[in-house]
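Below, each chain spelled out in residue letters.
Number of protein chains: 2
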Amino acid sequence: MRSFFKVKRAEDIFESLGDIKPSGTESVPIVDALGRVLAREIKSNEDLPGFQRSTVDGYAVSAKDTFGSSENLPTPFNIIGEVRMGEIPNFGLKRGECALISTGGMLPKGADAVVMIEYSQMVGDRVVEISRPVSTLENVILPDDDVKRGQIVLQKGIPLRPQDLGVLAALGIYQIDVFTKPRAAIISTGEEVVDISQRPKPGQIRDINSYTLGGLCIKAGVEPIYLGITGDRFDDLKLLIEKGMSQADVLLLSGGSSVGTRDFTLDAFSSLEAVEIVAHGVSISPGKPTIIAKKENKTLWGLPGHPVSAMIIFDVFIRWLFDRLCGCSSPAEYTDHTIEAELDRNIESASGREDYIRVKLRNLEGSWLATPIPGKSGLISTMVEADGVVRIDMNTEGLYAGEKVKVRLF
Amino acid sequence: MRSFFKVKRAEDIFESLGDIKPSGTESVPIVDALGRVLAREIKSNEDLPGFQRSTVDGYAVSAKDTFGSSENLPTPFNIIGEVRMGEIPNFGLKRGECALISTGGMLPKGADAVVMIEYSQMVGDRVVEISRPVSTLENVILPDDDVKRGQIVLQKGIPLRPQDLGVLAALGIYQIDVFTKPRAAIISTGEEVVDISQRPKPGQIRDINSYTLGGLCIKAGVEPIYLGITGDRFDDLKLLIEKGMSQADVLLLSGGSSVGTRDFTLDAFSSLEAVEIVAHGVSISPGKPTIIAKKENKTLWGLPGHPVSAMIIFDVFIRWLFDRLCGCSSPAEYTDHTIEAELDRNIESASGREDYIRVKLRNLEGSWLATPIPGKSGLISTMVEADGVVRIDMNTEGLYAGEKVKVRLF
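Protein sequences, first through last, are from chains A and B.
Per my numbering, the first sequence starts with residue 365, numbered consecutively.
Per my numbering, the second sequence starts with residue 365, numbered consecutively.
No wet-lab data here; the hints were simulated from the structure.
Check the hints yourself; a few may be wrong.
Heads up, the list lumps identical chains together, so a pair's fine if it works in one copy or across two of them.
Claimed, not checked - Simulated pairs of lysine-lysine, DSS-like, Cα-Cα distance not exceeding 27 Å:
| id | residue 1 | residue 2 |
| --- | --- | --- |
| 1 | 565 | 658 |
| 2 | 370 | 652 |
| 3 | 770 | 724 |
| 4 | 740 | 428 |
| 5 | 583 | 545 |
Given the sequences, and given the hints that come with them, work out the whole structure.
Below you can see the structure in the form of structure tokens.
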């Protein structure tokens with residue numbers, strides 16, 4: 365066994381990984397841009413909607429002509445025309461005149477407000493009585509009410525939401541620059557691991573980690589590249605790692621939960637040019653035997669072979685990494701989907717490490733109860749049963765039943 | 365204006381829409397199955413891992429041989445071999461014998477526990493001293509500890525998570541039946557609406573709703589089919605609706621915020637064979653002028669033209685509909701991503717309708733404050749500024765600053 369074993373705390377690892385950046389930008393149509401991260405701020409070149417619009421169905425008027433109107437003393441107006449949708453009205457209003465207008469229609473010259481149709485009464489073919497005064501600009505959207513020319517409508521570094529696509533459409537921007545989607549090369553190692561299309565012999569197991577890690581990548585907006593399984597031949601492993609590094613921003617190697625295979629992963633990482641070992645072991649449970657290395661903007665991860673441990677390490681570190689690789693600027697705290705729940709039994713935890721406890725949730729009269737799920741980190745079924753995880757920090761020796769905890773859902 | 369106007373409450377609409385089902389199932393590889401909804405329960409045909417595995421690096425032993433061992437009085441064992449990963453050990457243990465084993469290795473015959481390497485000391489070439497007793501099955505996973513043959517590992521109707529893909533991989537299931545992805549045909553109407561590639565003339569606006577609705581569909585796991593914009597010609601509209609209905613499970617028509625266009629949408633829906641009008645108006649603000657129709661398992665939505673209103677109606681009704689069309693059985697309550705916040709000012713609300721208020725969030729010393737965003741429902745920029753919505757129910761006339769509210773994030 366090696367003497368060299370630098371177990372690191374999570375915050376030290378985040379610091380060592382330093383300033384991770386997206387690898388580039390690309391231009392995509394907005395219909396394909398949901399969830400992609402904007403690579404430049406978007407500034408408007410125009411006012412929106414660009415003209416005075418009615419927000420109701422009714423009569424365009426000059427507000428001052430309606431002053432004093434009431435149900436008892438309605439004001440008669442001559443209807444001189446109807447605003448056609450999508451067109452500039454080819455008439456203007458004089459004193460005592462009005463025009464029929466629909467929601468979204470453009471106000472004619474001379475009009476500065478709209479009376480809702482509910483407050484009008486036809487009294488002749490071309491005459492309507494208005495029974496309520498309107499104030500100037502009532503029921504009107506001004507030309508720059510939605511967006512002003514020169515206004516920054518979207519900031520660089522935000523993942524695009526449906527409404528963000530909407531404002532881009534409104535401005536006529538149908539193609540935008542987003543950060544390149546990061547790519548993660550996924551490798552499983554271990555003589556005992558076989559492809560899922562094979563029937564394992566006694567002593568063998570099917571490759572689980574490629575699929576859980578692939579799913580986690582897709583969920584995080586990262587493209588997985590599945591490089592398959594390699595056994596315990598050093599040259600094969602090194603070659604596959606080099607292939608992964610040439611195609612991807614991140615290399616996720618899993619397996620190697622035994623000391624021998626861990627050393628083997630460490631040797632393979634160390635043998636690559638310009639690769640620096642960031643951590644050999646992390647103070648997190650499950651997941652301690654994790655190896656982290658770095659080569660410029662690229663990172664290499666030797667994840668534990670146990671599927672639960674690999675998922676926890678992903679959740680703690682690799683989501684953090686992906687946020688940065690995706691170009692998200694200051695990811696909002698609430699993007700972590702957590703709910704508050706009450707523990708329904710005690711949890712023990714060793715101090716000196718962060719513990720991540722799988723929990724199942726159930727709703728009891730509107731409140732959430734979290735039940736810890738026991739089971740070894742080699743059991744994928746415990747993750748299937750779980751709704752989320754609870755983090756117990758380094759300096760806490762456990763939690764009591766009845767305590768409020770934050771459950772991070774997955 | 366029409367006298368026929370049946371404004372309905374949300375719960376009545378949910379009831380009228382009845383029992384919505386997915387349109388079919390298809391088989392997909394598990395690497396493409398993240399988020400897809402399982403169409404059949406998955407039962408295991410085998411025990412997992414299928415053999416006795418070690419969970420640590422150390423020595424496979426018969427537990428009873430270690431009883432009484434201590435640091436002061438360690439028990440010597442003869443090392444008779446090493447378990448090779450992925451293979452059945454070609455030896456068995458007799459009394460006083462042990463074998464070197466790595467994490468994940470298969471226990472040899474005669475072994476029923478593993479001593480961690482930390483509690484051993486080599487004292488000769490083939491002899492090791494064990495300084496701590498282990499109990500039977502200590503550091504061992506049993507053949508059916510993860511999954512038992514015949515056990516249901518995944519229920520029908522769940523959206524697949526990364527760990528669910530993992531358990532499928534573990535069982536060698538690389539292709540699964542999921543419900544067909546629903547499809548939604550999207551149409552924008554209105555003489556004033558132009559394609560986003562065009563420069564609008566005064567009185568015209570670019571099509572926003574196709575893009576916000578398309579984004580909302582994708583986010584909900586539904587495939588949008590963009591059918592473009594149609595003006596105010598009845599036959600064109602009817603033809604486009606029929607095209608949409610033939611290709612999709614749901615038709616989302618937006619625009620028609622004016623009374624005239626609303627009537628026009630209603631006429632077009634009514635003119636289709638076997639279509640039943642479910643609601644003409646909903647008691648929700650913004651979004652009241654919504655028309656809902658139904659034809660067997662398919663639904664037709666005449667959404668308001670105002671982008672905010674269309675998004676709110678989507679959030680209230682169409683997400684609900686999509687959950688069912690996707691085949692999600694009893695969607696968990698916590699799948700709505702909400703956070704609790706404190707209102708920082710009063711909100712008024714008319715009783716007799718549900719109000720949806722856009723809010724912006726900010727974090728103040730660990731708690732969330734929600735600020736209502738004023739602005740007309742025609743302004744897409746207000747949705748860009750918002751982080752979520754707060755619902756005020758029918759029987760509440762408003763909320764006070766300081767009240768706790770649930771903010772649904774989007």
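Evaluation of the provided hints:
Neither within a single protomer nor between protomers do residue 565 and residue 658 lie at most 27 Å apart by alpha-carbon distance, with minima of 36 Å and 54 Å respectively. In this homomeric assembly, residue 370 and residue 652 come within 27 Å of each other (Cα to Cα) only inside a single copy, at 11 Å, whereas the closest approach across copies is 62 Å. In this assembly of identical chains, the alpha carbons of residue 770 and residue 724 lie at most 27 Å apart whether taken from the same copy (13 Å) or from different copies (23 Å). Taking the closest pair of Cα atoms, residue 740 and residue 428 come within 27 Å of each other only across two copies (23 Å); inside a single copy the shortest separation is 78 Å, beyond that limit.
Within a single copy, residue 583 and residue 545 get their C-alpha atoms as close as 12 Å, and across copies as close as 18 Å, so both meet the 27 Å cut-off.
Hint 1 from the list above is the single one not met by this structure.
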